[in-house]
Amino acid sequence: MNYIATIGLEVHIQIKTASKMFCSCKNSFGEPPNTLICPVCTGMPGVMPVPNKTAIVKTIMAGLMTGCDIAKFSKFDRKSYFYPDMPKNYQISQYDLPFCKNGKIHISGKAFSGAILNEKYIGITRIHLEEDVGKLNHFGRFSGIDFNRAGVPLMEIVSEPDINTPDEAYAYLTGLKEIMQYADISDCDMEKGQMRCDVNVSVRPEVQKEFGTKVEVKNLNSFRAVHRALTYEIERQIEMLKNGEKIYQETRGWNDDRGESYLMRRKESAHDYRYFPEPDLSPFIITDSEIEEIKRLLPELPAEKRKRFIRDYGVTEYDAEILTQDKFIADYFDSAVKLVSSPKTIANRIISDLLKELNDRKISITECKVKPEYLAEIVKSVSSGKITNTAGKDILSEVFNTGKEPNKIIDEKGLIQISDESSIAKIADEVISEFPSQVSEFRSGKEKVLQFLIGQVMKKTKGKANPQITAKILREKLSS
Amino acid sequence: MKIEPNITIAKIAKNLGEGKISSVEICNHYLENFTKKNSVFNAILSINKEKILKSAEESDKRRKEGKVLSSYDGIPIAIKDNLCVEDEPCTCASKILEGFISPYDATVIKKIKAAGMIPFGRTNMDEFAMGSSCENSAYVKTRNPWDKDRVPGGSSGGSAASVALSIAPAALGSDTGGSIRQPAAFCGVVGLKPSYGIVSRYGLVAFASSLDQIGPFTNSVLDSAIVLDIIKGKDPMDCTSIDSKIANFAELLSQPYSIDGLRIGIPSECINCEGLDNVIKENFNESINLLKGLGAKIIEISFPHWKYSVSVYYVIATAEASANLARFDGIRYGLRAKTEKLSEIYLESRGLGFGEEVKRRILLGTFVLSSGYYDAYYRSAQKVRTLIRKDYDEAFKICDVILTPVTPTPPFTFNSKSTPLQMYLSDIFTISVNLAGNCAISVPSGITSDNLPLGVQFTAGFMREDILLKTSHIFELHRSIKSFIPPEN
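Taken in sequence, the protein lines are chains A and B.
Here the first sequence is numbered in the working numbering, starting from 351 and rising by one per residue.
Here the second sequence is numbered in the working numbering, starting from 149 and rising by one per residue.
No wet-lab data here; the hints were simulated from the structure.
Note that the Cβ used here is the ideal one computed from N, Cα and C, for glycine as well.
All clues stand as given, with none of them false.
Residues from chain A that face chain B, not an exhaustive set, calculated with beta carbons under 10 Å:
#: 1; residue: M394
#: 2; residue: V397
#: 3; residue: P629
A short list of chain A residues far from chain B (calculated; beta carbon distances all over 10 Å):
#: 4; residue: E506
#: 5; residue: F750
#: 6; residue: D779
So here's chain A without its partners, still in its complex pose (with noise of 0.2 Å):
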């Protein structure tokens, strides 16, 4: 028997403000405990929230670029429910009428496995606006809160049960967060809990119609462990079928290192949040014009990028598809292309040299100390052929370790290529006569002895020599 799985994601995005969602409290990440704190972020008696306009802005901006429509009125409500990283044990959250309700998402390309992705939209429930809670640290035999984080604003993108592959849902999440970096609405970075992500998935076989029983899963703190996770549960819940084993409602953590979920909590009824519209913040009516203000704020789209990339720069599709994966990534490419007159080679630089020293150091572009300009200075030293290719790679390296201009260790190593056919036949000879054993092989047919010998004439000039003129060299000499 067949099964199908069903996922739908619930998304948590901080969005990138100067301030906190509903006080002029610093929305920064990484300051000591309770240094960003104020009266209305600790939820002291008497105080009263004003709403950030930018967190609401760039809500409905990101409701745009995911096609939502966008309300007309809209409201914020309370959530009640008790916890102590809940500074007024009730969220300011959105109940009945979310700004942004019924977008979608395009999936295609290559996927997460490697497999290619079926063509598909998925679709956005809804996306809403509240603020987020302040973080538990637990010390032993006592827990202290840092409110640091409360009041942030934080949007919820709610995914349809559309996802029926890890695959997928990795897709999704990887648009989602192409587009909140696009239109600077979020950074998504995982790791400073900038994007948050719960799944919900069940099982059921082919010939049914009705979803199976969904199983929560929380603690997913990469795209990569949501993929993990999916793959995971969705083979244990089958497990389970077909072992004719019931699957309850519960919420289950994941553990990455280990590889597997754990039961946290068993759903015994919804729990009930007593959600009633916030009295202390009027509604809000949003214009069309004030809608066609906030298009015009909208970036250009990751898919409207990739066609200009094509189109202007001549790089392939696949190409274009990396350089747009990040914004930034596209920004950096956009200046560095500008420089030189060859845009396929800073592409090919980028994708070959960058992106994997990058991922190596497990740094992001924006840290990155190779600006666009050096970046460019290397392509073109190359292509002039100043440099080889082998220094061109060696120099990024230094520039990403020290941050230097190019330049400058060019000359400070005297790097620059030889390309003067005298000087080369100079070393050629010298080489020819060092190794007499490998001439004599070369002689008789050995076609890769050539590269032996063209390497110890780099050797000798510390990977100076240009190449092609090398063998060239090499070649004359010994056959005469």
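Once you've looked at the hints, dock chain B against the given chain A.
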């Protein structure tokens, strides 16, 4: 200069301006009255005499240097204990806020300080403003200045009593369903509930956010206008606040005007309601006759949904309160039960910290918001609230001001309301005004044969404080009893 009982702040300001008295002398006078009377009447919960006198000295210094902050610089004003004053306790007369010191000033406090007025003592109240007699205070019972065996009204009973007892020349209170107007009537002082939004609520410990409004207790209608002028205005910290159309209400009252031809509406449903005491009826009719004599036209109006106000109020107010009071959990401030488990901290802190009436209202509010009951209670109540508002809109098409009694009875004795519902009904004339967001004022209108004060309530439309204050000011000038000083003063 001798400070007579129930002197107005207008008169104090005049004397201060003429150099006949200093702020230190004024504050000392009221501090003496506090010492003499508070142990009996318990109007004030806490007071910081040193701080008051220091502020008074600073005010006198400013005056000497010709740098007064306003004409009212140096005049003390008592503050209800649910308004936050920086570095001062704010208990809301609840055990759960015992020991809490506010880290900030409410906007109204900022404004009175900016005018040079001196916060003077924290007044007793029903716990979290829930009650109509001050009997729900977790700390003390405030006695009625006119009769020690009677309640001062509530919830702002301490503020009303402070002014009636001349412990302070004015006081701030809050009014969610009558909490300013009813105690004002019971204590024989003027109590104003401004239109919703005219005064910022930032720093008022919320009971029911869509109904709460801060207002003054004073010895005259003019004084009410003066205090309103100081505390009103749109506040960036309260986005439900708005600017009034009139910049200076006190000035408005200094201009000549009459109520000749003014249309005063009398809602028939209210006047013929059950439980209305005869003494109230008689006094009310006298007030009508007085206004008629001044040229006002009396118009009978109809309030078809008025009878639902108490029910609607107790759904909406308790729903909002159930969320507003959730923050009192023992985690960040206030009383915390000595236990370790989180759920026990919540249950025991709130169990020990809240009084019976507060618990009752939290339970009621939690119930009306819970799933399955929301539509039947909360949503229906909101719909009826809209109908009540429409009743007012209709009424104000044919009249300018509405006149009703403030309370169905004169001040009652302690423990005389045996059920919560009986107590709730004592606000029957005041509650609908909050539901509609209109402005209203309670003005002393008579004294019973047992020497108890009575009041009438004028109500005007939303943002119509101009017509409200003018009408009540004229009434005050022409009423037969000129002075409302409790017997022992």
